[in-house]
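Trainee: Chain by chain, the residues:
2 protein chains.
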Amino acid sequence: MEKTKYVKNLPPLKGIIVIDLTRVLAGPYATMQLADLGARVIKVESLHGDDSRKFGPFYKNISTYFTSLNRGKESIKLNLKLDKDLNILLQLIKKADVLVENFRPGTMEKLGLKKNNLFKINPKLVYASCSGFGQTGKMSRKPAYDLIVQALGGIMSLTGYEKQDPVRVGTSIGDITAGLFTTIGIQSALIRRNITSKGSYIDISMLDCQIAILENAVSRFFCEKKIPKKIGSRHPSIAPFECFKCKDAYIAIAAGNDTLFEKLCHATSSESLLKLKYFKTNDMRLKNAEKLKKYLEKVFNKKKASYWVFQLDLFGVPVSKLNNIKEALELQQILDRNMVVDVFLKDKVKIKVAGNPIKLSNFKDKKYRKAPPSLDQDRKRILSDFKIKEK
Amino acid sequence: MEKTKYVKNLPPLKGIIVIDLTRVLAGPYATMQLADLGARVIKVESLHGDDSRKFGPFYKNISTYFTSLNRGKESIKLNLKLDKDLNILLQLIKKADVLVENFRPGTMEKLGLKKNNLFKINPKLVYASCSGFGQTGKMSRKPAYDLIVQALGGIMSLTGYEKQDPVRVGTSIGDITAGLFTTIGIQSALIRRNITSKGSYIDISMLDCQIAILENAVSRFFCEKKIPKKIGSRHPSIAPFECFKCKDAYIAIAAGNDTLFEKLCHATSSESLLKLKYFKTNDMRLKNAEKLKKYLEKVFNKKKASYWVFQLDLFGVPVSKLNNIKEALELQQILDRNMVVDVFLKDKVKIKVAGNPIKLSNFKDKKYRKAPPSLDQDRKRILSDFKIKEK
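Quick note, the sequences are listed as chains L and W, same order. Yeah, the first sequence ends on 452 if you go by my numbering, and it's all consecutive. Yeah, the second sequence ends on 452 if you go by my numbering, and it's all consecutive.
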């Protein structure tokens, strides 16, 4: 690309062409980020389309699941088992900046799309694969889903309560973090390409990404030789940093340091706690977390959650009630930050989806997103733009 | 940057200079990604250093928490309340590519670091702020911690079991996802800068990021007008996709489509289920999930988890046991993929930390990382590299 003059509201990835072979969640979440940031994402779909077109919930027969992940992308239908369609894909790849797929490892080769050949066709290609376990290692070709990588990667052993039934993190964090790391990998390769004029291959494993988000559990295991356990709503190394039951509902309190603990004591008229050596430092409070919790819960139980949220907030203690999805999505702050945007579908049907949390200067954060494509919707334009003639 | 010839093993962000004012988790997690990808990250610390230098767990008096997040960065200590030190920071910013901070909104201005002034000094600067609630909106200046944004953003209302105590996602997903989105924002701005030669300002809110990862809960709420609830280890729209109790332990099963459900029935000698209309399609199985669970749990209860993992795997059903952190970190696949790397500290002390899940061609994924800096460790070299004379 040529350096051009400064353009107002230039989407950061404007001009980047992404050929998107991904399906369902991890891959489409990555290419959704790229589309939201201005890339042209061309979704190449099989004859039946992305499976997730059939995933509920539905609104007027439209999959809202598919809508939320594929807004603003284009679609072309190709039967990659036919030479003529495979040839179209190769011509698309030839002129693309990015290729993304989340097939099970081995599938691309079976389709006749060997990595080395793709780089021969397009040496500047940034080609990312996102799979359950990665392209290498003995587990590589095993099937993976979000729940499986959550179970294998250890996050479920940290979430919930000991001696209770297992808990899955309530969103598909296995897919979503892999999608985010895929986006980071692709962007880093685009930045490098600017220096080298050469493409890159990126290999992302959902399971690897689970390890990358384990945070201090990793060092706790390696350094203390202890296996971290499930601790409900508590934080493993800060106290009080957990949920407390008030008269009618729970509140979350994050007294992340000594000053905040002092404020908490003042806000709850529990100044006596400040004199006890049990609770003097964070380490002491952590050791005596149960004792502290019992004391505080007695205090909180006397009044309603809304009272305590007001009171603690007044004293500068980080506090909140536990929002359900309705409350979260209707938070004024979330609406003010344009985190709920409209997707306009045909016949004036409108679906609300989560917005883009990356707020960039000189890039207007629009209040709507373009509709997701119907299957094969953009065939003609894509073929014409890429100067491809169908045989 | 000039286009140069292709360099083998060129780190993708080689040459990018990051001035890092971040502390504790969300910000340092973002700049850790940048450092892992080859950027030079200069951590500017207050007189007492990043608070997390004092966070446990400790190993030979070294904070492993700090180590895992700050490996490979440099450190310079500055007292930003003194003009002479503020001036040093401004000179660093002048020559940097990226500036990142995660102060509470308003703090940078109080320090005399107004955004517009920074862009005057360095029009090519990519400047990212990562805060609890973002730079705009009425909640902007409120204090935020991971637990608070988990509570406000709705993920806790989806995680755990109804009528049981609240559950926090077992890692600081509030900080970590904000860190990942910050990295994506920064990289997108670097890509745009390559076209425009102009910098950008990026405003990331931890709470916004929580909304962005809610996945289908958002569309379920807006389209079905139902408030999604906690469903333990189940998936909201696929069945069977949950944990089952075997004789000795739990296993996770993800039968994501009809074919996999068929395989599951064969693997458990439950072919009779295939004849029942209750379980014919995913929608039917979802409606009758309790019934299905009861039946399958009877079957699984007859044998040990290891037997069922072997058996289901043989039939191609995605399955796994529920790993604790030790088991996750000792998985051969994780070791083979270099997802546990060594950080070498002074006196031959070695600490193991999570590796980088972004595996890129022509970028050697080293088996170790450079140590995190001791406070002010790189002062001399930084000042000399930036040609700054201390007064």
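It is worth saying that the hints were derived from the structure and are not from the lab. Check the hints yourself; a few may be wrong.
Repeated chains share a single entry, so a pair holds when one copy, or any two copies, can fit it.
What the hints assert, rightly or not - Under the rule of at most 30 Å between Cα atoms (straight-line distance), these lysine-lysine pairs were calculated in the BS3-like manner: (1) Lys427 with Lys291; (2) Lys409 with Lys431; (3) Lys452 with Lys306; (4) Lys387 with Lys171; (5) Lys203 with Lys413; (6) Lys336 with Lys185; (7) Lys425 with Lys145; (8) Lys291 with Lys224; (9) Lys338 with Lys348; (10) Lys355 with Lys199; (11) Lys354 with Lys115; (12) Lys121 with Lys411; (13) Lys121 with Lys359; (14) Lys428 with Lys348; (15) Lys138 with Lys409; (16) Lys387 with Lys145; (17) Lys145 with Lys324; (18) Lys259 with Lys171; (19) Lys355 with Lys431; (20) Lys365 with Lys199.
Quick caveat, the model's predicted, so the values are computed rather than measured.
Trainee: Would you mind marking each hint as holding or not holding in the structure?
Mentor: Going through the hints against the structure:
In this assembly of identical chains, Lys427 and Lys291 lie within 30 Å of each other by CA distance neither inside one copy nor across copies; the values are 41 Å within and 32 Å between. Taking CA atoms no more than 30 Å apart as the test, Lys409 paired with Lys431 passes inside one copy only; the shortest distance there is 13 Å, against 56 Å between copies. Neither within a single protomer nor between protomers do Lys452 and Lys306 lie at most 30 Å apart by alpha-carbon distance, with minima of 68 Å and 56 Å respectively. Proximity of Lys387 and Lys171 under a CA criterion of 30 Å is satisfied in neither setting, with 45 Å inside one chain copy and 36 Å between copies.
Within a single copy, Lys203 and Lys413 get their C-alpha atoms only as close as 35 Å, which misses the 30 Å cut-off; across copies the closest is 27 Å, which meets it. Taking identical chains as interchangeable, the C-alpha atoms of Lys336 and Lys185 are never at most 30 Å apart, the minima being 66 Å within one chain and 53 Å between chains. Taking identical chains as interchangeable, the C-alpha atoms of Lys425 and Lys145 are never at most 30 Å apart, the minima being 40 Å within one chain and 38 Å between chains. Proximity of Lys291 to Lys224 under the C-alpha cut-off of 30 Å is found in both arrangements, the shortest distances being 9 Å within a copy and 18 Å between copies.
For the identical chains of this complex, Lys338 and Lys348 are intra-copy neighbours only, at 12 Å inside a copy versus 54 Å across copies, given an alpha-carbon limit of 30 Å. Within a single copy, Lys355 and Lys199 get their C-alpha atoms no closer than 48 Å, and across copies no closer than 34 Å, so neither meets the 30 Å cut-off. For the homomeric pair Lys354 and Lys115, the shortest alpha-carbon distance between copies (24 Å) is at most 30 Å, but the shortest distance inside one copy (47 Å) is not. Taking CA atoms no more than 30 Å apart as the test, Lys121 paired with Lys411 passes inside one copy only; the shortest distance there is 10 Å, against 58 Å between copies.
Proximity of Lys121 to Lys359 under the C-alpha cut-off of 30 Å is found in neither arrangement, the shortest distances being 50 Å within a copy and 39 Å between copies. For the identical chains of this complex, Lys428 and Lys348 are neighbours neither inside a copy (48 Å) nor across copies (35 Å), given an alpha-carbon limit of 30 Å. Proximity of Lys138 and Lys409 under a CA criterion of 30 Å is satisfied intra-copy only: 25 Å inside one chain copy versus 57 Å between copies. In the homo-oligomer, the alpha carbons of Lys387 and Lys145 never lie at most 30 Å apart, since the shortest distance is 48 Å inside one protomer and 50 Å across protomers.
Within a single copy, Lys145 and Lys324 get their C-alpha atoms no closer than 70 Å, and across copies no closer than 34 Å, so neither meets the 30 Å cut-off. For a Cα distance limit of 30 Å, the shortest separation of Lys259 from Lys171 inside one copy, 26 Å, qualifies, whereas the shortest one across copies, 44 Å, does not. Proximity of Lys355 to Lys431 under the C-alpha cut-off of 30 Å is found in neither arrangement, the shortest distances being 52 Å within a copy and 44 Å between copies. For a Cα distance limit of 30 Å, the shortest separation of Lys365 from Lys199 across copies, 24 Å, qualifies, whereas the shortest one inside one copy, 54 Å, does not.
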